Amino acid sequence: MVLYAFIKGIFKEALAKKILLTIFGFFTLIIVLIIFAITNSTVDGLQMMLESKSEGGLKEAVMMLQSGIVSGIPMFMLIASMLIITASFIPDMLKKGHIDLLLSKPISRTKIIIGQFLAGIILVFLSFLFLLGIIWLIVSLKTGYWNINFLYSVLWFTLIFAVLYSAVILIGILSRSSILTIIINLLLFFPITWLLYLANRYFESDQKGIVFGPVAETLLKFFYQILPKAWNMQDMCDAIVTHNPVAGYQPLISSLLFMAVMLSVSIWYFNKKDY
Amino acid sequence: MNVIEINGITKNYPAKKFSGDKIKALDNVSFNVGSGEIFGLLGPNGAGKTTLVKILLGITFSSAGKASIFDKPVADVNTKRKVGYLPENHQYPNYLTGEQVIDYFGRLSGLSKADLDKTTYKYLKIVGMDEWGTTKIKKYSKGMMQRLGLAQAMISNPDLIFLDEPTDGVDPIGRKEIRDVLLELKNQGKTIFLNSHLLSEIELICDRVAILNKGALIKEGSVEDITTTGNKYIFTTSDLTDEMMNKLLVEYKSTVHGRNEFSCSVNGIEDVNRIIDCLRASGILIHGVNREKNSLESMFINLIEQKN
Ligand SMILES: Nc1ncnc2c1ncn2[C@@H]1O[C@H](COP(=O)(O)OP(=O)(O)OP(=O)(O)O)[C@@H](O)[C@H]1O
Ligand SMILES: [Mg+2]
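Protein sequences appear in the order of chains G and L. Note that the first sequence covers residues 29 to 303 in our numbering. Note that the second sequence covers residues 4 to 311 in our numbering.
It should be emphasised that the hints constitute simulated quantities derived from the structure, not laboratory data. Hints may contain errors.
Said to hold, decoys possible - Counterexamples of contact, computed for chain L against chain G with all Cβ distances above 10 angstroms:
(1) H93
(2) D133
(3) L186
(4) E206
(5) V226
(6) K256
(7) N276
As the list claims (entries may be wrong) - Lysine-lysine pairs mimicking BS3-like chemistry, simulated, CA-CA at most 27 angstroms apart:
(8) K123(G) / K85(L)
(9) K40(G) / K141(L)
(10) K75(L) / K27(L)
(11) K141(L) / K123(G)
(12) K25(L) / K300(G)
(13) K217(L) / K124(G)
(14) K300(G) / K141(L)
(15) K139(L) / K45(G)
(16) K40(G) / K124(G)
(17) K121(L) / K141(L)
(18) K300(G) / K217(L)
(19) K36(G) / K139(G)
(20) K40(G) / K139(L)
(21) K124(G) / K20(L)
What the hints assert, rightly or not - Facing chain L, a subset of chain G residues (Cβ under 7 angstroms, in silico):
(22) V30
(23) A33
(24) G37
(25) A44
(26) K46
(27) L48
(28) F64
(29) H126
(30) D128
(31) S132
(32) P134
(33) S136
(34) D234
Note that the structure is a prediction, hence the values are computed from the model and not measured. Here a beta-carbon is modelled for each residue, glycine too, at the ideal position from N, C-alpha and C.
Excised from the complex, chain L in its bound form (with noise of 0.2 angstroms):
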């Protein structure tokens, strides 16, 4: 099931007031997330990521296309109820308390001051600030303000939820405990939405990611699918010895790394069996057999300077 469907999606800024130009902010955009889903929404500086979530949540209008969530179109006020949103550079105001932001935005997504007396500490346990709910804001250091923002999208136990840059100023700790709440909402069996440049952490928890150039979406599909690349194998073995070294790059047009590795492209699964045979035949012993893999970020990097 999908929880949102995006269908054609432009969005067109005005570029100056009165100018008559526009700014392309999204160019026919169309992808689906699905129930359960980590997924993540890469992309440079200005490429509409921030447009495509604000659009998802109507707070900015598309000026072409259609969107729904949950099956409900995006205007669908109601549907918000089940949704949470962590907004880049979000501010509250900062007379408030952690706790009373909490409370206020718990109160604004419908929740009783009985469900937020429950519910209050125990989210802000989970982003390990609950000894700052009593502090007014004001004091808070970046990072705590993103952990705040998290625990605030988080509160009315949504089934959805946008982050916007949720890791954005939190230290490496900070981060690795974020990636550990998203996996344990996704536990849960929530769907996170979440855009970012961070394509290392991108990789280690998202299932799928769409990547977004100037507007076009340029890239859709699981991790796995975008960071394999052909049917590269690379073998580590015990030492090579010359005569086989050679056979290897003859007879299977390998790439010899050393006398300890090589790597080798393949039609087929066949193939390396073929090749494992021919290694274990001459006494070889076999460290490792592994499909090549770009890091996402390097498949990234290709991708947008490909495009530009």
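Next comes chain G alone, as it looks inside the complex (with noise of 0.2 angstroms):
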């Protein structure tokens, strides 16, 4: 109860701080793009496909342009940016005079901070939901294949970004400065992950091009083991989309580890500190 009213004031917070509008706005301007592009360029490459008279054909193709849409680039732009506007949920909620107020409330501290990550996390999926539901919309209508399946992206973005936002709870709480939160986050998601994910893969196959010295390829190894696996969630996300199978869900179970450990420690470390 008290709960439901501490995330309602986030977003009533959110709200008034417009940026529920810039969401809407931001989201809107890309969609408006999709169908410009969607019109002019694409659909002929599709008909092309469609003359060819094969079914599969047109699926694979449509599966190809949403493959593309979920890619790593606009993954990492969406949740970078969402990542950017929920940073300053807890250094805002921090704030002297604030934070007294609300620890004299009958909530506790750990609800608190599960409140802040619920939050964050309906903000975002239902962000994820207008944008790309309304981006399936568009391309089934057009294409007239429906791929369900496109859907899912929706859970594996606000999953992606679930895991990243653990960090950034708990760097809000040790540093209480958006503007740092903010930094290390993103480059906790680039490049390090992403050069991480890479390191992996490299290691994983049979090339040999590159040597590392073992200790290199431990402390390597070793980090991509502990951080979150974002890059590994999107090509999971895109097998998905696209029909193909998951490789293993080994990196979405470590991630989901990594998320764990976050808010254990936030709410750990929230619980004895003094306001």
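Bring the two chains, given one by one in their own frames, into a single complex with the hints.
Below, the structure written as structure tokens:
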């Protein structure tokens, strides 16, 4: 009950600070651009495949288009923008004169962190549902192929966000600074985890062009293991959208583990801190 | 019954990061606050008043000692339903209106929308802010913010209210109004814990006070006990004769302040009556007999100076 009021308060704040409006405007712009792009060039290409009368060809083309929409760069831009937007939630809450009052209310510190976490996830889920849902509708209407699997990308993107957002919460509590939180988390997202992802792919392949020393290799593997695997999760999302088998759920599990650790540390630290 | 029990609370803050040095913000403080009291916590800047209140509310944690509210340890989240708080330098998101501030914090106190619909304006009216409910608080003056803060502290109809400098920035009429609100709350049986430097105000409304200095409790008691000093009485009379003045000086070791007033330290109420008899026997009219009182302020200043 009180938790619900708290989450609602965060949404009201996002509304009042025009955060929701900004997201809505930004995403609408993307949608308009996509409508524009599809009407001009893509559909011609798809039309040609249609004329080849091969239904498989059309599906293939639509999936390629959709896989492009949820590929690495758009994924990074969308999630990074949501991380930037939500990075101020915790530092704003911790401002002197506000946090005192909040902590005097009958809501436990653990619930406050959970509330912040849920609020961020709900906000991002709804935003992605709006953006990717409308894109899906447009693509499906234009091409006649309703690829339900594309909608899973809403869940996957929200999940990738949730994993990184847990680090935003911890760093926000530790630093109380939105700017620092944004910088550290964006660096973590790109290039740190991206380079580790590439390094891991390299180790798993048989090419041995570049030689890493054993220490470097162990270190890289270690950090790859403990840090979130946003880029692997994007691969998994891609596999699902294009109806391909997912290589393995290991990266998802270890990312969720990272999230659990970040949240637990946040809750532990927040519970013992003086304000 | 005690609403608040404080037992040996000590709080050390780290002086500088990583230096290991400590600031002792509170040093083994113990006292109780009874139900239905207006309790005043006094002390110079940095004495530890705010720190103590924050510990009682679970905002800050004590380094040693125990404290309870309504017989529950201060860490208990649910007791906070019965507690209201006006922090010092409180800040609300400034895009909210007064009404929305009350609504938001009321909901966090566990009130339903239906409760709030009924009570929001009732409390805004009590603090004289009902006409400002729909104005954004960034347009409020300091005193208006303080009044809003008070309404916020009262919204859940708590049995115990902590007020940290409630009259800070409020004009004299507003202060009187706030005092009246507090007395009204007391009449309803609420307990009020007040932090303030405004001693004259504390004197007007508090039943009991505690004085903190540099983290240590240096005095605690009823306002009456703290302000009355010894057994000195002041007599005001009709014109004293020279003979009577002499007698008072020699026999009663009085200090004569003029023909119509003298003061005298006595051993008990019998002495006072003996002087009265003596005066009346000589046909002198008595206008008044008062026990000398120090103002809380002079008392406070003396105490703090002694300690430093
Ligand atoms: N978060 C903190 N970190 C370190 N020291 C602190 C902290 N909060 C308070 N202090 C120190 O603790 C002491 C008591 O501070 P506190 O705010 O309780 O005083 P106060 O009696 O409320 O003063 P005022 O009348 O000015 O409001 C001060 O020396 C202050 O510097
Ligand atoms: Mg203070």
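Now for the hints, and whether the structure bears them out:
The Cβ of H93(L) does not lie farther than 10 angstroms from every Cβ of chain G; its closest approach is about 5 angstroms, which violates its non-interface assignment. At roughly 22 angstroms from the closest C-beta of chain G, the C-beta of D133(L) stays outside 10 angstroms, upholding its exclusion from the interface. The claim that L186(L) lies off the interface holds: its Cβ sits roughly 23 angstroms from the closest Cβ of chain G, which is beyond the 10 angstroms cut-off. Interface exclusion of E206(L) from chain G stands, the closest Cβ pair being 27 angstroms apart, more than 10 angstroms.
Every CB of chain G is more than 10 angstroms from the CB of V226(L) (nearest about 27 angstroms), matching its label as outside the interface. With a least beta-carbon separation of about 55 angstroms from chain G, K256(L) lies farther than 10 angstroms from that chain, consistent with its non-interface assignment. With a least beta-carbon separation of about 53 angstroms from chain G, N276(L) lies farther than 10 angstroms from that chain, consistent with its non-interface assignment. Pair hint K123(G) plus K85(L) holds up; C-alpha atoms about 25 angstroms apart against a cutoff of 27 angstroms.
Distance check on the hinted pair: K40(G) and K141(L) sit about 17 angstroms apart at the alpha-carbon level, within 27 angstroms; holds. Among the hinted pairs, K75(L) with K27(L) is consistent with the structure: their alpha-carbon atoms are about 26 angstroms apart, no more than 27 angstroms. Proposed proximity of K141(L) and K123(G) is supported: the alpha carbons are some 16 angstroms apart, at most 27 angstroms. Between K25(L) and K300(G) the CA atoms are separated by roughly 18 angstroms; this keeps the pair inside 27 angstroms, and the hint holds.
Only pairs whose Cα atoms come within 27 angstroms are accepted, and K217(L) paired with K124(G) is accepted, the gap being roughly 23 angstroms. Proximity of K300(G) to K141(L) is assessed by CA-CA distance (about 33 angstroms); at most 27 angstroms being required, the pair is judged violated. Distance restraint check for K139(L) and K45(G): the Cα-Cα separation of roughly 14 angstroms lies within the 27 angstroms cut-off, and the hinted pair is therefore satisfied. For the suggested pair K40(G) and K124(G), the alpha carbons sit about 20 angstroms apart, so the restraint of at most 27 angstroms is met.
For the hint linking K121(L) to K141(L), the alpha-carbon distance of about 25 angstroms falls within 27 angstroms, and the restraint holds. Distance check on the hinted pair: K300(G) and K217(L) sit about 25 angstroms apart at the alpha-carbon level, within 27 angstroms; holds. Of the supplied pair hints, the one linking K36(G) and K139(G) holds, its CA atoms being roughly 14 angstroms apart against a limit of 27 angstroms. Restraint check for K40(G) and K139(L): satisfied, since their Cα atoms lie roughly 14 angstroms apart, inside the 27 angstroms limit.
Taking the CA atoms of K124(G) and K20(L), the gap is near 19 angstroms; set against the 27 angstroms cutoff, the hint holds. For the restraint placing V30(G) at the interface with chain L, the shortest Cβ-Cβ distance is roughly 6 angstroms, inside the 7 angstroms limit, so the hint holds. Interface hint at A33(G): satisfied, since its Cβ lies 4 angstroms from the closest Cβ of chain L, which is below the 7 angstroms cut-off. For G37(G), the interface hint holds, since its Cβ comes within 7 angstroms of a Cβ in chain L; the closest pair sits about 5 angstroms apart.
With a least beta-carbon distance of about 4 angstroms to chain L, the hint placing A44(G) at the interface is held under the 7 angstroms criterion. The interface hint given for K46(G) is broken, as the beta carbon of that residue sits about 10 angstroms from the closest beta carbon of chain L, more than 7 angstroms. A hinted interface residue such as L48(G) counts as satisfied when its beta carbon comes closer than 7 angstroms to some beta carbon of chain L; here the least separation is about 13 angstroms, so the hint is violated. At a threshold of 7 angstroms, the smallest CB-CB gap from F64(G) to chain L is about 35 angstroms, leaving the interface hint violated.
Taken as an interface hint, H126(G) checks out: its beta carbon lies about 5 angstroms from the nearest beta carbon of chain L, inside 7 angstroms. The interface hint given for D128(G) holds, since its Cβ lies 4 angstroms from the closest Cβ of chain L, which is under the 7 angstroms cut-off. Given the 7 angstroms rule on beta carbons, the hint for S132(G) holds: about 4 angstroms separates it from the nearest Cβ of chain L. Contact between P134(G) and chain L, as hinted, is supported at the beta carbon level, the nearest pair being about 4 angstroms apart and thus within 7 angstroms.
Checking S136(G) against chain L: minimum C-beta separation of about 5 angstroms stays under 7 angstroms; hint holds. Below 7 angstroms, beta-carbon pairs count as interface contacts, and D234(G) has none with chain L, the closest being about 49 angstroms; its hint is therefore violated.
Hint violations for this structure: numbers 1, 14, 26, 27, 28 and 34, all remaining hints satisfied.
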